[in-house]
Amino acid sequence: FLDEIGELPAAAQVRLLRVLQEGELERVGGQQSLRVDVRIVAATHRNLAAMVEEGKFRADLWYRINVFPILLPPLRERAADIPSLVRHFAARASRRFGLSEVEATPAQLERLVRYPWPGNIRELSAVIDRAVILGGGRELDVDAALGPEIRDRAERPTDASNEPRSPALPGSTSEPGGLSDSLDEATRRHIERVLAATHGRIEGARGAANRLGINPHTLRARMRKLGIAWEKFRV
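Quick note, this note's numbering runs 17 ahead of the 1-based positions in the sequence shown.
The hints are simulated quantities; they were obtained by calculation from the structure and are not laboratory data. Watch out, some of these pointers could steer you wrong.
Claimed, not checked - Per label pair, the in silico range of CB-to-CB distance:
#1 Arg-206 to Leu-89: 32 to 42 Å
#2 Ala-222 to Glu-43: 42 to 52 Å
#3 Gln-38 to Ser-101: 35 to 45 Å
As the list claims (entries may be wrong) - Mimicking SDA-like on lysine to any residue, the simulated pairs with C-alpha atoms at most 20 Å apart in a straight line are:
#4 Lys-73 to Asp-20
#5 Lys-73 to Thr-61
#6 Lys-73 to Leu-19
#7 Lys-73 to Ala-28
#8 Lys-249 to His-216
#9 Lys-249 to Arg-210
#10 Lys-242 to Ala-143
#11 Lys-249 to His-234
#12 Lys-242 to Arg-210
#13 Lys-73 to Asn-83
#14 Lys-242 to Asn-232
#15 Lys-249 to Glu-202
#16 Lys-242 to Glu-202
#17 Lys-242 to Arg-218
#18 Lys-242 to Arg-205
#19 Lys-249 to Arg-205
#20 Lys-249 to Glu-220
#21 Lys-73 to Gly-23
#22 Lys-249 to Arg-223
#23 Lys-73 to Ala-29
#24 Lys-249 to Gly-217
#25 Lys-242 to His-207
#26 Lys-242 to Glu-220
#27 Lys-242 to Glu-209
#28 Lys-73 to Leu-34
#29 Lys-242 to Ile-219
#30 Lys-73 to His-62
#31 Lys-249 to Arg-206
#32 Lys-242 to Thr-204
#33 Lys-73 to Gln-30
#34 Lys-73 to Leu-25
#35 Lys-249 to Thr-204
#36 Lys-73 to Ala-60
#37 Lys-249 to Ala-214
#38 Lys-73 to Arg-35
The C-beta atom is built at its ideal place from N, Cα and C for all residues, glycine as well.
Could you put the whole structure together from the sequences, leaning on the hints where they help?
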């Protein structure tokens with residue numbers, strides 16, 4: 018599966034075309050061609066036909082991959098799918114973060130359905146992850162997860178036809194208060210609470226990794242990324 022194939026640079030497009038045409042590839046640093054038999058499934062949010070016209074995407078590669086196109090409407094045009102997606106993402110996040118499973122209230126679902134979701138599935142998934150973490154296993158904190166700017170848009174009906182097709186995701190920058198920053202901070206606090214409860218113990222049946230439902234190596238990597246020092250929790 019090749020996600021966002023429209024972002025492939027020209028050199029990579031040539032290499033992929035060779036794989037599709039000749040069924041051969043060379044490993045990085047290798048001297049011999051290897052025969053491969055693969056089926057490519059690719060996805061993109063770009064208009065590849067327009068990119069071909071503009072000379073930004075190879076026409077021969079486009080014809081090769083455009084054998085059986087499937088057009089997936091944006092999430093704002095599939096509002097009926099949002100409640101099921103919210104339940105799925107909430108259950109998945111609860112398991113990942115070691116929290117009790119929670120569900121959205123009817124009022125929360127209505128708010129989520131009203132929001133146009135310019136970032137589509139990825140944005141919805143990130144918001145629900147954040148809502149699960151902020152709720153701490155007690156509730157799905159949708160209001161805090163949406164933030165004031167997004168919440169204001171979600172509280173009023175919107176005309177989907179007037180929404181831009183591909184605006185930047187709200188909070189996708191690294192500026193303070195952005196969605197990714199807030200999610201990292203909420204994750205950090207949750208991990209620190211679990212470490213405090215386990216007195217800094219990471220491995221074993223009573224360790225933090227087991228409580229969070231993740232591999233100890235994964236937990237250590239996440240702690241390094243978030244700047245969490247487990248030593249301060251040791252008793």
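Hints, one by one, checked against the model:
no. : hint                          : verdict
1   : Arg-206 to Leu-89: 32 to 42 Å : holds (35 Å)
2   : Ala-222 to Glu-43: 42 to 52 Å : holds (47 Å)
3   : Gln-38 to Ser-101: 35 to 45 Å : holds (41 Å)
4   : Lys-73 to Asp-20              : holds (17 Å)
5   : Lys-73 to Thr-61              : holds (14 Å)
6   : Lys-73 to Leu-19              : holds (18 Å)
7   : Lys-73 to Ala-28              : holds (12 Å)
8   : Lys-249 to His-216            : holds (9 Å)
9   : Lys-249 to Arg-210            : holds (12 Å)
10  : Lys-242 to Ala-143            : holds (18 Å)
11  : Lys-249 to His-234            : holds (19 Å)
12  : Lys-242 to Arg-210            : holds (17 Å)
13  : Lys-73 to Asn-83              : holds (16 Å)
14  : Lys-242 to Asn-232            : holds (15 Å)
15  : Lys-249 to Glu-202            : holds (18 Å)
16  : Lys-242 to Glu-202            : holds (11 Å)
17  : Lys-242 to Arg-218            : holds (18 Å)
18  : Lys-242 to Arg-205            : holds (10 Å)
19  : Lys-249 to Arg-205            : holds (14 Å)
20  : Lys-249 to Glu-220            : holds (16 Å)
21  : Lys-73 to Gly-23              : holds (9 Å)
22  : Lys-249 to Arg-223            : holds (18 Å)
23  : Lys-73 to Ala-29              : holds (13 Å)
24  : Lys-249 to Gly-217            : holds (8 Å)
25  : Lys-242 to His-207            : holds (14 Å)
26  : Lys-242 to Glu-220            : holds (19 Å)
27  : Lys-242 to Glu-209            : holds (13 Å)
28  : Lys-73 to Leu-34              : holds (15 Å)
29  : Lys-242 to Ile-219            : holds (16 Å)
30  : Lys-73 to His-62              : holds (15 Å)
31  : Lys-249 to Arg-206            : holds (14 Å)
32  : Lys-242 to Thr-204            : holds (11 Å)
33  : Lys-73 to Gln-30              : holds (10 Å)
34  : Lys-73 to Leu-25              : holds (10 Å)
35  : Lys-249 to Thr-204            : holds (18 Å)
36  : Lys-73 to Ala-60              : holds (17 Å)
37  : Lys-249 to Ala-214            : holds (12 Å)
38  : Lys-73 to Arg-35              : holds (18 Å)
Going through the hint list in order, the structure satisfies each hint without exception.
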